[in-house]
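Protein sequences appear in the order of chains A and B. Every letter in the first sequence is one number past the one before it in this note's numbering, and letter 53, counting from 1, is 53. Each position in the second sequence, counted from 1, maps to that position plus 62 in this note's numbering.
It is worth saying that the hints were derived from the structure and are not from the lab. Incorrect hints may appear among the rest.
Stated by the list, open to error - Here are the simulated DSS-like pairs of lysine-lysine, each with C-alpha atoms no more than 25 Å apart in a straight line:
1. B:Lys137 - B:Lys159
2. B:Lys152 - B:Lys178
3. A:Lys58 - B:Lys165
4. B:Lys178 - A:Lys4
5. A:Lys3 - B:Lys178
6. A:Lys4 - B:Lys137
7. B:Lys165 - A:Lys23
8. B:Lys152 - A:Lys11
9. B:Lys159 - A:Lys3
10. A:Lys23 - B:Lys152
11. B:Lys159 - B:Lys178
Unchecked claim - According to the in silico footprint, chain A covers these stretches of chain B (three or more CB under 8 Å from chain A):
12. 63-70
13. 171-183
Unchecked claim - What the simulated footprint calls covered on chain B by chain A, stretch by stretch (three residues with Cβ under 8 Å from a Cβ of chain A suffice, anywhere in the stretch; the number is not a length):
14. 114-126
15. 137-145
Glycine residues also receive a C-beta, built at the ideal position from the N, C-alpha and C atoms.
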Amino acid sequence: MEKKVARALAKLRRVRGLSEEEKYLFARSLVATPDERWRLHESFLRSHDLFTRSARRKYGFR
Amino acid sequence: MSGAILQGVPATTLDTDIWIDLPSRQYIRVLNLCRRLGAEVRANTVVDLSDGSTVNFLYQVHGLRGFHYEYQRAKRLNWLGMTVAVLPLKRIYASKKFVRRPKDLAHLPLLEQTMKLGRRLARETRKPVLDRAKK
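Let's have the full structure, built from the sequences with the hints guiding it.
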């Protein structure tokens, strides 16, 4: 996946108004398959302990 | 936002919205099916699945046309071994722009940027092929 991201990032290099980190984020997300995108999303929630409702309630989410 | 995430929007969401083609008064049919699948019912339109994820059922989506019109034009994606129909980003954008809750408005720039960059990537990817064709 990293090769695909690097190719996409090169194509987004001249986009204005985005930092390098933001461009990387978009490049990674756009070249990923739906399954990969969903995995990234779930990993993000799990890393913040927000994946399940019971976990979210600890932080005040309803 | 789940449909948007599956199409490349680098966002996150706490639940998955599923649009059901039934009158809302028949919500009990959906809840019974969820119970049979081991889900825990939280409200008339909200269930927690056995993996802990939350699903929200919608019987009407504001700012869009009817279910059949949108379903025919939905994008078909392969996701977790299934083919699922998701609203195209343009239609998600239209709905959020219409609904205008703060969280919807917050997503608009991200959706817009993703559509713009997606078009740019598609254009740039086609370019070498076109250049070769010219030669």
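Status of the hints after comparison with the structure:
For the hint linking B:Lys137 to B:Lys159, the alpha-carbon distance of about 20 Å falls within 25 Å, and the restraint holds. Between the alpha carbons of B:Lys152 and B:Lys178 the distance comes to roughly 11 Å, so the proposed pair stays at or under 25 Å and holds. This hinted pair checks out: A:Lys58 and B:Lys165 have alpha carbons roughly 22 Å apart, not beyond 25 Å. For the hint pairing B:Lys178 with A:Lys4, the CA-to-CA distance comes to about 19 Å; that is within 25 Å, so the pair holds.
Under the criterion of a C-alpha separation no larger than 25 Å, the hint pairing A:Lys3 with B:Lys178 is consistent with the structure, at around 22 Å. Distance hint between A:Lys4 and B:Lys137 is fulfilled; the C-alpha atoms sit about 23 Å from each other, no more than 25 Å. For the hint pairing B:Lys165 with A:Lys23, the CA-to-CA distance comes to about 23 Å; that is within 25 Å, so the pair holds. Between the alpha carbons of B:Lys152 and A:Lys11 the distance comes to roughly 23 Å, so the proposed pair stays at or under 25 Å and holds.
Distance hint between B:Lys159 and A:Lys3 is unfulfilled; the C-alpha atoms sit about 36 Å from each other, more than 25 Å. Our distance criterion of 25 Å between C-alpha atoms is met by A:Lys23 and B:Lys152, whose separation comes to about 21 Å. Taking the CA atoms of B:Lys159 and B:Lys178, the gap is about 17 Å. The hint holds against a cut of 25 Å. Proximity of the segment 63-70 of chain B to chain A, defined as three or more residues with a beta carbon under 8 Å from a beta carbon of that chain, is established by the 4 residues found.
Closer than 8 Å: that is the beta-carbon criterion, and the segment 171-183 of chain B has 6 residues meeting it against chain A, so the requirement of 3 holds. Under a criterion of three residues with beta carbons nearer than 8 Å to beta carbons of chain A, the stated coverage of the segment 114-126 of chain B is upheld, 3 such residues being counted. Look at the segment 137-145 of chain B against chain A: 4 of its residues bring a Cβ nearer than 8 Å to a Cβ of that chain, three or more, so the hint holds.
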